[in-house]
Amino acid sequence: MRIAAALVALAAVAVLPNVLSPYHVTLVLPALAYSIALLGFNLLFGYTGLLSFGHALFVAIGGYGAAVLSSKLGLRSFEAILALSAGASVAVAIPIGLLAVRYVKIFFGILTLAFGMLFHSFLFKFYDLTGGDTGIRVLRPSLLGRAYEDLDKTTWLVGPFYYYCVALLAILAFVMWRLVHSPFGLHLVATRENRRKAEYLGVRVRFFRLIAFSISAFYGAIGGAILAVNTGQADPELAYWTHSGELVFMTVLGGFGNFFGPVVGAFSFIFLKDQLVGLTQYWRFWLGAILILLVVLFPRGLSGLTERMWARLHRSTPS
Amino acid sequence: MSALVEAIGVGKRYGDFAALDGVSLAIEAGELVSIVGPNGAGKTTLVNLLTGLVPPTSGQVRFKGEDIAGIGPVMLAKRGMARAFQLVHIFPELTVAQTLAVAVVSQSSKALRFFTAVADDAAVNSRVREVAAIFGLEGKLGTPSRLLSQGEKKLLDIASAFALSPEVILLDEPTSGVSSADKHGLMKNVVDAARRAGVRSIILVEHDMDLVAEYSTRIVAIQAGRILADRAPAEFFSDPGIVAAIVGKRPPRMPPGAS
Chain A
1 MRIAAALVAL
11 AAVAVLPNVL
21 SPYHVTLVLP
31 ALAYSIALLG
41 FNLLFGYTGL
51 LSFGHALFVA
61 IGGYGAAVLS
71 SKLGLRSFEA
81 ILALSAGASV
91 AVAIPIGLLA
101 VRYVKIFFGI
111 LTLAFGMLFH
121 SFLFKFYDLT
131 GGDTGIRVLR
141 PSLLGRAYED
151 LDKTTWLVGP
161 FYYYCVALLA
171 ILAFVMWRLV
181 HSPFGLHLVA
191 TRENRRKAEY
201 LGVRVRFFRL
211 IAFSISAFYG
221 AIGGAILAVN
231 TGQADPELAY
241 WTHSGELVFM
251 TVLGGFGNFF
261 GPVVGAFSFI
271 FLKDQLVGLT
281 QYWRFWLGAI
291 LILLVVLFPR
301 GLSGLTERMW
311 ARLHRSTPS
Chain B
1 MSALVEAIGV
11 GKRYGDFAAL
21 DGVSLAIEAG
31 ELVSIVGPNG
41 AGKTTLVNLL
51 TGLVPPTSGQ
61 VRFKGEDIAG
71 IGPVMLAKRG
81 MARAFQLVHI
91 FPELTVAQTL
101 AVAVVSQSSK
111 ALRFFTAVAD
121 DAAVNSRVRE
131 VAAIFGLEGK
141 LGTPSRLLSQ
151 GEKKLLDIAS
161 AFALSPEVIL
171 LDEPTSGVSS
181 ADKHGLMKNV
191 VDAARRAGVR
201 SIILVEHDMD
211 LVAEYSTRIV
221 AIQAGRILAD
231 RAPAEFFSDP
241 GIVAAIVGKR
251 PPRMPPGAS
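Residue numbers (this note's numbering), protein chains in the order written: chain A, 1 to 319; chain B, 1 to 259.
One chain only, chain B, in its complex shape (with noise of 0.2 Å):
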């Protein structure tokens, strides 16, 4: 049985410039990977690289056992991945229930449907209603996203990733721009919105420590574009060297109960 997710000996090269150099790196259903890495290490580019969106200079990027490299956006939502970014993205005059619509439609075979009415479909809607309420939004269904406070916003952005039914889920910094306090019942909400969405495995990108510690189930550290550490969470936290190079001073704090 081969990984979900694979890269095989991936680099790539920006002119002069290796963004990444030799990187290989499997996912296996039921893991939660996070990426973690100083700012310019090449995490923006490996997730680039993983989700089909540029294609590497050497290597391979595999999913589901397919060759994936550059097939972009529209197709990698066909084959069954999904990715919300850091920043938010919303269709502002649109409401919580199109928005979460126009996933769950793409997905079927009525998007080329042109006479029927999306608002009329009972499986549409039904859809749509249980992808909403797993992120709280259920309420809001009517509401123009644009109108919507920052974090349903985010939730939105999320939720509408997941109403695509994807078997792996690429986050980009979820909780960027939720306040501290939110932080963890955001992160919470998602990786149990996944487990129960049938969501096999989830790539996180983040840079608080906390989270990684306490959601991931291995954490992948990069660095001038190499990997540094593949580790679970508790190695990972218990080698100073590693610790420094890539969370500064600080320690985490580790869950109680973290093995």
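Excised from the complex, chain A in its bound form (with noise of 0.2 Å):
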């Protein structure tokens, strides 16, 4: 059923191009880049229980991975740039994990947010290094090989570059769907229902954490690969603590314990946070009113709004 609805909401995603304007594909762009870095970042919290508060320092590391292959290192493949962005975030998330795994809950938000800090003061005080506050220019990749020359930036964004995001959120969902019905995505779960209980079943919790937080930093990097190129510039807001803070607003927007949950929520809270910044310029005010009236009200969520409507229309309808 899940998957069935999964490839209507895959295909509808795809003609979105033909029957949107550019501007929304563009504003589709980055749903389809948070998708991704949330499918990771609620591996994490979903799945395993923990709450990183400094997701953002991933997205960042792929969008400044692509900046600097792009523009510093004179690499084009996009294929290249994603494998050694999200090499470099693995990199850096397994010494962090080593510290940051060993503590749960507040203890393990706020490590993350101090490491997050940590890169975001590193990318403004190093201006020669990373172009401070003004980052580094992001330079249009190649697709399997193919410049698109021809094509204006966007045309190839709503074009070339939409299919690929698409396709890449389609293989990286159902790695992901694999991962969480896993053996090892049962033992995530284990340990966060009861880590004591899991230890005691011969479960190695720290390590099957710190595999959990390195996937969730693998999937953030591509997310922030796709951001930095849609938007051809990787700065410094990248990896601010706010941005962590929105990453955590999308996936209890879309319900963490879902697996669909933060995809319905990247996409919500693009679409809303556009109309919002159109309709009023205290947008930020009414995001943070509809966090609260969602958490009170509705703790799981759109997905688990939708899941109970849907329940209910099958209980109502005689079968």
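The hints are simulated quantities; they were obtained by calculation from the structure and are not laboratory data. Quick caveat, the model's predicted, so the values are computed rather than measured. Incorrect hints may have been included.
[What the hints assert, rightly or not] If the Cβ cut is set under 8 Å, some of the chain B residues that face chain A in the computed set are:
hint, residue
1, I71
2, A77
3, K78
4, R83
5, H89
6, T95
7, Q98
8, V102
9, V105
10, S106
11, L112
12, T116
13, A119
14, L164
15, R226
16, I227
All C-beta atoms, glycine included, are put in the ideal place defined by N, C-alpha and C.
Combine both chains into one complex, guided by the hints.
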């Protein structure tokens, strides 16, 4: 059922460029990027029970990876950029994780927040290396070896790049689906539910948490690289704590208890924000208000709400 | 042939306080050894030492001839000893089948498989069903643990320890929180299950002297950090001095035909 719904949603996303204006299609691009980043984030948050407040760190590594590799090192292949950025992200995640996964709850949250801020300061202060607050430009990469030089920027973004990102989301969502249903995924949930019991059942809790942390960093960097290519720029805002906060917001909005919740959250957030920004300069206030209402009334997020309505619908229709 | 589980002159100090002092104990295959004693006597400390949770201050703890001082729960499970706690420990959101699968999978080479669906693994599923059946939980395989009754949660907690296929299992007051009418049923179930599952010995911490008398092959009484007595049930309960020290006034009801 869920897989069928996912395929329908995927097909819908794939035809969007044919029905939406280019402006709205460029809004879908960050939603795709965040969907990928949040699928990883939710492996850590929803499945492992570790709430990171510094996850924008890994998104920023992806973004800056794309920037440095494309404009400073002249690497154009997006596949190579993704692989190297995500690899760098995992390489950073392992030492941070070794320290952070020893803790849970607020302590884990604060530690990840601190590392995120550390990276933000680095990006901000080391002007010569990172371009400071202006950041680094991201040059248009080639996709599967094709440069598409005849296309202007918008046509490229809403054309080849868009479909590339949809395919990437489909592949990475499929991989994540397999991960959470594997023995590894089961062990993660066990460590979330009862750490001590899991240990007595032979689960190496910290080791599994570390792997989850690294995988989430991998996904975060992929999302970050797409974001940076979309805006053509990597700047320190990517690593700022409010960006980490947005990741948490989107996940809660979509519902962290559901596999597709983060994807729902990413799309809802991007379009909600776009609408609110157009309506009022107090859009942050309204976003905050919506989050409060959601947590109080529908703690399982939009996906939880949909599930409940679906269940009610099925109960009321005699079969 | 050395003992399965062994404590040799074990002591544990917390600052100036000696929780255990010079305790020696050997548990052989085929035994069900009960550890009894008043609250604060050192039972929990002894159990924590025997399961490698904390290292002793002096002496040695061995399991199958190897030092297991402070090896921790994960290694303990790997070496073949399982522990179930007095308070119920479950995974509230996992179903009964998933809970048992955690234990089954963690002891196999499958723990680090990332892309196979655990729900489709026939070998894991058949082992899960086997363990569930022993404890009468086969009808509840798809039920989330949080929806089980208190008694079923207790059974699941113990069953998941069995799912590790341990050689030795340590049960810390397995019948606490279970109605007195159900205590014997649960205990009999567990002992039978252990026999069928190939568990070689059971270490039991229990306050209910009726259960201790009925199921133990040996009783070790702890008082003030030392071993007061280490005897077969019949000898144990025929010594009024020991009974008074450990049990209080009420003599236990000996099962008919107990020797």
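> Does the nearest C-beta of chain A fall within a distance shorter than 8 Å of the C-beta of B/V105?
Replying inline: Holds, because the Cβ-Cβ distance from B/V105 to chain A comes to roughly 4 Å (cut-off 8 Å).
> Can B/A119 be said to touch chain A, with a Cβ gap under 8 Å?
Replying inline: holds (7 Å)
> Does B/A77 pass the interface hint, meaning its C-beta sits closer than 8 Å to a C-beta of chain A?
Replying inline: The hint holds - B/A77 has a Cβ within 8 Å of chain A, the shortest such distance being about 3 Å.
>> Hint B/I227 vs chain A: min CB-CB distance below 8 Å?
In response: violated (26 Å)
>> Can you verify the interface hint for B/T95: is its Cβ closer than 8 Å to any Cβ in chain A?
In response: Cβ of B/T95 sits 11 Å from chain A, so the hint is violated.
> Can B/Q98 be said to touch chain A, with a Cβ gap under 8 Å?
Replying inline: holds (6 Å)
> For the hint on B/H89, does the least C-beta distance to chain A fall short of 8 Å?
Replying inline: With Cβ-Cβ at 4 Å, under 8 Å, it holds.
>> Does B/K78 hold up as a contact with chain A if the rule is Cβ-Cβ below 8 Å?
In response: Nearest chain A Cβ about 6 Å off; hint holds.
>> Holds or violated: the hint that B/R83 contacts chain A, with Cβ atoms closer than 8 Å.
In response: holds (6 Å)
> Is the interface hint for B/T116 satisfied, with its Cβ closer than 8 Å to some Cβ of chain A?
Replying inline: Hint on B/T116: holds, closest Cβ of chain A at ~6 Å, below 8 Å.
>> So, as I understand it, the hint says B/R226 touches chain A; can you test that by seeing if any CB pair is closer than 8 Å?
In response: Since chain A brings no Cβ nearer than about 28 Å to B/R226, farther than 8 Å, the hint is violated.
> How about B/L164: closest beta carbon in chain A under 8 Å, or not?
Replying inline: Cβ of B/L164 sits 6 Å from chain A, so the hint holds.
The structure does not agree with the numbered hints 1, 6, 15, 16 stated previously, though it agrees with the rest.
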